[in-house]
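Construct the complete structure from the given sequences, taking the supplied hints into account.
Protein chains in written order, with my numbering: chain A, 7 to 243; chain B, 2 to 295.
If you are wondering where the hints come from, they were derived from the structure by calculation, not from laboratory data. Check each hint, because a few of them may be wrong.
For lysine-lysine, the following BS3-like pairs were computed, each having C-alpha atoms within a straight-line distance of at most 27 Å [claimed, not checked]:
hint: 1; chain 1: B; residue 1: Lys166; chain 2: A; residue 2: Lys163
hint: 2; chain 1: A; residue 1: Lys64; chain 2: A; residue 2: Lys10
hint: 3; chain 1: A; residue 1: Lys82; chain 2: B; residue 2: Lys33
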Amino acid sequence: MSKKILAVDDINVYYGAIHAVKGISFEVTEGDIVTLIGANGAGKSTTLQTISGLLRSKTGSITFLDENITKLAPHKILQRGLAQVPEGRRIFLQMTVQENLEMGAFTQPSSTIAGNLEMIFEQFPRLLERRKQIAGTLSGGEQQMLAMGRALMSNPKLLMLDEPSMGLAPILVEQIFDIIKNLNKAGTTILLVEQNAQMALSVANKAYVLETGKIILSGTGEELAKSEQVKKAYLGN
Amino acid sequence: MTFLTYLTSGLGLGSVYAIIALGYTMVYGIAKMLNFAHGDVIMVGAYIAFYSTSSFGLPAWLSVIVAMAFCTLLGIIIERLAYKPLRGATSLAVLITAIGVSYFLQNAALLAWGSAPKVFTSLFAKIESFKFFDGQLVISPETIFTVLACIIIMLVLTFFTAKTKMGKSMRAVSEDNGAAQLMGINVNSTISMTFAIGSALAAVAGVLLCSSYPTLMPTTGAMPGIKAFTAAVFGGIGSIPGAMIGGLVLGIIEIFARAYVSTELSDAIVFGVLIIVLLVKPTGLLGKKIHEKV
Numbered sequence: 007m008s009k010k011i012l013a014v015d016d017i018n019v020y021y022g023a024i025h026a027v028k029g030i031s032f033e034v035t036e037g038d039i040v041t042l043i044g045a046n047g048a049g050k051s052t053t054l055q056t057i058s059g060l061l062r063s064k065t066g067s068i069t070f071l072d073e074n075i076t077k078l079a080p081h082k083i084l085q086r087g088l089a090q091v092p093e094g095r096r097i098f099l100q101m102t103v104q105e106n107l108e109m110g111a112f113t114q115p116s117s118t119i120a121g122n123l124e125m126i127f128e129q130f131p132r133l134l135e136r137r138k139q140i141a142g143t144l145s146g147g148e149q150q151m152l153a154m155g156r157a158l159m160s161n162p163k164l165l166m167l168d169e170p171s172m173g174l175a176p177i178l179v180e181q182i183f184d185i186i187k188n189l190n191k192a193g194t195t196i197l198l199v200e201q202n203a204q205m206a207l208s209v210a211n212k213a214y215v216l217e218t219g220k221i222i223l224s225g226t227g228e229e230l231a232k233s234e235q236v237k238k239a240y241l242g243n
Numbered sequence: 002m003t004f005l006t007y008l009t010s011g012l013g014l015g016s017v018y019a020i021i022a023l024g025y026t027m028v029y030g031i032a033k034m035l036n037f038a039h040g041d042v043i044m045v046g047a048y049i050a051f052y053s054t055s056s057f058g059l060p061a062w063l064s065v066i067v068a069m070a071f072c073t074l075l076g077i078i079i080e081r082l083a084y085k086p087l088r089g090a091t092s093l094a095v096l097i098t099a100i101g102v103s104y105f106l107q108n109a110a111l112l113a114w115g116s117a118p119k120v121f122t123s124l125f126a127k128i129e130s131f132k133f134f135d136g137q138l139v140i141s142p143e144t145i146f147t148v149l150a151c152i153i154i155m156l157v158l159t160f161f162t163a164k165t166k167m168g169k170s171m172r173a174v175s176e177d178n179g180a181a182q183l184m185g186i187n188v189n190s191t192i193s194m195t196f197a198i199g200s201a202l203a204a205v206a207g208v209l210l211c212s213s214y215p216t217l218m219p220t221t222g223a224m225p226g227i228k229a230f231t232a233a234v235f236g237g238i239g240s241i242p243g244a245m246i247g248g249l250v251l252g253i254i255e256i257f258a259r260a261y262v263s264t265e266l267s268d269a270i271v272f273g274v275l276i277i278v279l280l281v282k283p284t285g286l287l288g289k290k291i292h293e294k295v
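As structure tokens, this is what we get:
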């Protein structure tokens, strides 16, 4: 059996009085694509932000590569090899494409940056064309590629993607999912949060369905794609 | 010729405002807070330089370095003790704390150094005035060196934020604090760094200000602090070139208003211009529109 890379155990997250995540537990196995699907407000992004250390859980623990990271500062969690592409991309709009990528490599020794840049530009040729451009002038698809490239600059062992398909045309969504599959084949474990359940389930080894802060279903991507409950609620048929 | 004389002294005063405004604007950009104690750090810097020369007989240039080192430390300590515990608190709580720190510094200075004004010896007392056009235009060394210092600081800061890793990370934190943390940037140490730079600049500003206007008392920093804050808003708070331009414009307007209208009304005119600029361009001269995500 392969190794557990991430274990989330019974986390509860609040925004003031609002109980956004209610005792969620799940695991990510090394080499897998794991997806959390669910409607808006189900607590998917909150879960990712808690794993990254931007939000804190009142209970439970988060274990990454056998280390308890529940109370670590966000920059330390990144140093352990856990990167996130946040919802809405959140690239630095006033900086150039290259500067954005350099920020992604903030924790990396400067000797590795050139090599990483080359790797990113190979994967995303559009970014190479636009490396000197201010990131705010990129199209939505290019911004998503930049956000992914930026996260990859830190050589993550686990990459968390929050709604990478949001606001993109169908053809670009396909392209982004192809990239996700390729990254996974190249050895990066992926934790994917999506509202586009169909796409997410088609690539996932393991999937969890969230509803109002709780996991209500789990299974392989294939199982869930066939489940009547999921079909009705998320796949629109 | 008198016009040119006024213009140069306006540039001199404006340069001081600009250097102070840089501290305001950088701290605002990174920590999203108005550090109203910034003006009082200027006063502390001037006192440290004053006593370094008068009590310890240090040369003028060394007194500036001592003042900068002291204020750098002071800035970091203020941030640690007063502002850091309020990270994530409402901006009103932070603002009130900053006003509290301001009064604390003024009263600490009163206790330590007394209320009697000190006469600050200009850093450039030994340098003669520069004369142009057969002596019709006289520019004091204070003015020349203040403007020079301002230009050098601007160039260094521009290079720092554009080219260095630390400077770029400051821009990243300023644009999106959360995303910067996801890049592995330690936001707390970035904020400390910003306070350190801003406070070191405040010390420079204090020494330059008191070289031109030599009365030094515990409230010396308060009014220039407010004016520089105005300059930062005027230029677009958060913008480094904005603070520079805002400071210079404000200094020139103030001197012209004093010379051609009236000394009593000069402050009213300065703030009147600010109100007009903000009515026309609410983000200030170089301020960027902030797109709030809904």
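Between B:Lys166 and A:Lys163, does the CA-CA distance stay at or below 27 Å?
-> With a Cα-Cα distance of about 24 Å, the restraint between B:Lys166 and A:Lys163 holds, given a limit of 27 Å.
Are the Cα positions of A:Lys64 and A:Lys10 separated by 27 Å at most?
-> Since the Cα atoms of A:Lys64 and A:Lys10 sit roughly 23 Å apart, the hinted pair holds (cutoff 27 Å).
Starting from A:Lys82, check that the Cα of B:Lys33 is at most 27 Å away, please.
-> holds, 23 Å
In summary, the structure agrees with every hint in the numbered list given earlier.
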